[in-house]
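Visitor: If you read the protein sequences in the order shown, they are chains A and B. First residue of the first sequence? That's 2 in our numbering, and the numbers climb one at a time after it. First residue of the second sequence? That's 189 in our numbering, and the numbers climb one at a time after it.
No lab work stands behind these hints, which were simulated from the structure alone. Wrong hints could be hidden among the right ones.
Unchecked claim - Only pairs whose alpha carbons sit at most 20 Å apart, straight line, appear in this in silico EDC-like list of lysine to aspartate or glutamate: (1) B/K372 with A/D100; (2) B/K203 with A/D100; (3) B/K324 with A/D100; (4) B/K202 with A/E17; (5) B/K250 with B/E361; (6) B/K202 with A/E106.
To be verified - Some chain B residues flagged as far from chain A (calculated, every beta-carbon gap over 12 Å): (7) T190; (8) G248; (9) T260; (10) S270; (11) I325; (12) T392.
Predicted model, so just to flag it, every value in this text is computed and none were measured. For each residue, glycine too, the CB sits at the ideal point set by N, CA and C.
So the chains spell out like this:
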Amino acid sequence: MHELSIVSSVVDTVQESLEKYPGARVVEVRLKVGALASVVVDSLEFCWGIATEGTALAGSRLVVLTVPVVMHCAHCDADVELDGVQSFRCPRCDEPCGDLRQGRELDIESFEIEEADEAETAAKREIGVKA
Amino acid sequence: MTTRIVELRRGILKKNDELAAGLRERYTAGGVLVLNLVSSPGTGKTAFLERTLRELRERGSKVAALVGDLETDNDARRLAASGAPVRQINTHGICHLDAEMISKHLDGWELADLDYLFIENVGNLVCPSSYDLGEKIRVALLSVTEGEDKPLKYPTLFNSADAAVITKMDIAEPCGFDRELALKNINEIRPGIRIFETSAKTGTGMEGWLGYLEEERVSRTR
Numbered sequence: 002m003h004e005l006s007i008v009s010s011v012v013d014t015v016q017e018s019l020e021k022y023p024g025a026r027v028v029e030v031r032l033k034v035g036a037l038a039s040v041v042v043d044s045l046e047f048c049w050g051i052a053t054e055g056t057a058l059a060g061s062r063l064v065v066l067t068v069p070v071v072m073h074c075a076h077c078d079a080d081v082e083l084d085g086v087q088s089f090r091c092p093r094c095d096e097p098c099g100d101l102r103q104g105r106e107l108d109i110e111s112f113e114i115e116e117a118d119e120a121e122t123a124a125k126r127e128i129g130v131k132a
Numbered sequence: 189m190t191t192r193i194v195e196l197r198r199g200i201l202k203k204n205d206e207l208a209a210g211l212r213e214r215y216t217a218g219g220v221l222v223l224n225l226v227s228s229p230g231t232g233k234t235a236f237l238e239r240t241l242r243e244l245r246e247r248g249s250k251v252a253a254l255v256g257d258l259e260t261d262n263d264a265r266r267l268a269a270s271g272a273p274v275r276q277i278n279t280h281g282i283c284h285l286d287a288e289m290i291s292k293h294l295d296g297w298e299l300a301d302l303d304y305l306f307i308e309n310v311g312n313l314v315c316p317s318s319y320d321l322g323e324k325i326r327v328a329l330l331s332v333t334e335g336e337d338k339p340l341k342y343p344t345l346f347n348s349a350d351a352a353v354i355t356k357m358d359i360a361e362p363c364g365f366d367r368e369l370a371l372k373n374i375n376e377i378r379p380g381i382r383i384f385e386t387s388a389k390t391g392t393g394m395e396g397w398l399g400y401l402e403e404e405r406v407s408r409t410r
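Pulled out of the complex, with its shape left as it was, chain A reads as follows (with noise of 0.2 Å):
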């Protein structure tokens, strides 16, 4: 439900960090999301077209990286990670486990540009085209 707004954020965060590179257009943006990050890959993907309209990010590819929830068994002393999030117990020792180490994450990882060449910049600058 609220992925538009989270889907928002991801688009100015984004553009915000697209001033250091005038002119570029967005070809990728990847996240990396937590199986407990309480939000739905699908709909993500189809807010993403809607929010990135009339941006330098229109036409740009959402790639969605899962991650599944790793926790810490004070029994086994080990980082284990959980199948699904239906119960929270060590797949080794079926012992309850509460210390999560990994599984909220809603990160914007990276993002892939297309710029134009200096050379080109160049060339547009001088002929009065804005890059």
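Put chain B on the given structure of chain A with help from the hints.
Guide: Chain B only, in chain A's frame:
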């Protein structure tokens, strides 16, 4: 044309997280225990909070509440009947409260004059779990009418909660509420969490809940 990959590694909700961190510092400095109450619509957050505010006031505690809803100030009016200062936050369609809304609505309140501040979130078990409000304690509420598997259906919220409250215990029996199963499911998602079985109508379980609040206030705000 050249392509380039720009590494950002930045939290999408960074702005909210930073604001929430600022709020958390203010709460700690003011010595006020802040709780964020989250549940589905109809669980009985408002009735539970009405009783909590009233009983805390009777014990001489200074309490206040912020209450979030899409529209109307009905809940704020109900809660204000307890005599506590209450403010309504209308989100106008937004499905959760965020740190900025809290910050705006705290204007003019002296946190140092309060013992407890309750934030009643918008009725929703999904979106509020992403937004830190700077609270010390996140409370997930579940009523006996909702089905014992609610924690399994909404693990992201129950897993991020510090305490769980079961409401409407007075009608548990006619509803065929399977208490053991509900407790087991909550523990499966959040092992070891404190669980309070309550009824705002009869007062069942309120003593334990209020005792917990007092303990937490003394230990966590120091």
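Visitor: Hints first: check each against the structure and report whether it holds.
Guide: Hints, one by one, checked against the model:
1. B/K372 with A/D100: This hinted pair holds, its Cα atoms lying about 18 Å apart.
2. B/K203 with A/D100: 25 Å, violated
3. B/K324 with A/D100: 17 Å, holds
4. B/K202 with A/E17: Status holds; Cα separation ~14 Å.
5. B/K250 with B/E361: 35 Å, violated
6. B/K202 with A/E106: 11 Å, holds
7. T190: Violated: least Cβ distance 5 Å, not greater than 12 Å.
8. G248: Correct as stated: the minimum Cβ-Cβ distance to chain A is 34 Å, above 12 Å.
9. T260: 19 Å, holds
10. S270: 31 Å, holds
11. I325: 15 Å, holds
12. T392: 27 Å, holds
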